[in-house]
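Trainee: Oh and the sequence shown: position 7 is 14 in my numbering, straight run, nothing missing.
Incorrect hints may have been included.
Unchecked claim - Between beta-carbon pairs, the in silico distance windows are: (1) S93 to G115: 11 to 21 Å; (2) K69 to G133: 32 to 42 Å; (3) K69 to E123: 22 to 32 Å; (4) P145 to V34: 19 to 29 Å; (5) N66 to T138: 37 to 47 Å; (6) W135 to S26: 35 to 45 Å; (7) Q91 to D44: 21 to 31 Å; (8) N141 to D68: 29 to 39 Å.
Hints are computed from structural coordinates only; laboratory data are not their basis. Every value quoted in this text rests on a predicted model; they were computed, and no experiment measured them. Backbone N, C-alpha and C fix where the C-beta goes; we use that ideal spot for every residue, glycine too.
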Amino acid sequence: MPNEKHFNGQCSRPTMEASPLSSDEAVLLEQGRIDFDTGRYWHAHEAWEDLWNSLKRRNADKSEVLLVQGLIQTAALLYNHQRQKSRGVTNQWEKLIPKLSSWKTAWGFDIEQHVENISIYVEDVGIWQQTYENMSLPVANEASK
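With the hints as constraints, model all of the structure from the sequences given.
Mentor: Below is the structure:
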């Protein structure tokens, strides 16, 4: 990535701060997280789509609108993986990477780790052995916020 900084051979993403969400938006984010963490990827997609629409209506920062769209696409990717739809998985991956790759953390979640966690399902296309028991939206630790 062009804006990445290198330190001791490690790439680090520039730090971006997500703006606070309204209380209604925070509820939608949390509902999507609960659905996502319990394997209800279609429902997570729906909750986050409502959040995405709310952000667009209030003209939120474009990077935050795209961040939520990327979260929606991670849920869609896993929904497609559950149904063993190779094209759906790879198409969602290609769409979500540019939207999420500039974020390290946002709204208390570790987006960088989330992308890494999702990548194993892309690598599993055609094999279909990955399960979903440990899939959750990772919480950011205080040091990386």
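Trainee: Would you mind marking each hint as holding or not holding in the structure?
Mentor: Hint by hint, here is what the structure shows:
no., hint, verdict
1, S93 to G115: 11 to 21 Å, "33 Å, violated"
2, K69 to G133: 32 to 42 Å, "35 Å, holds"
3, K69 to E123: 22 to 32 Å, "24 Å, holds"
4, P145 to V34: 19 to 29 Å, "20 Å, holds"
5, N66 to T138: 37 to 47 Å, "40 Å, holds"
6, W135 to S26: 35 to 45 Å, "39 Å, holds"
7, Q91 to D44: 21 to 31 Å, "22 Å, holds"
8, N141 to D68: 29 to 39 Å, "32 Å, holds"
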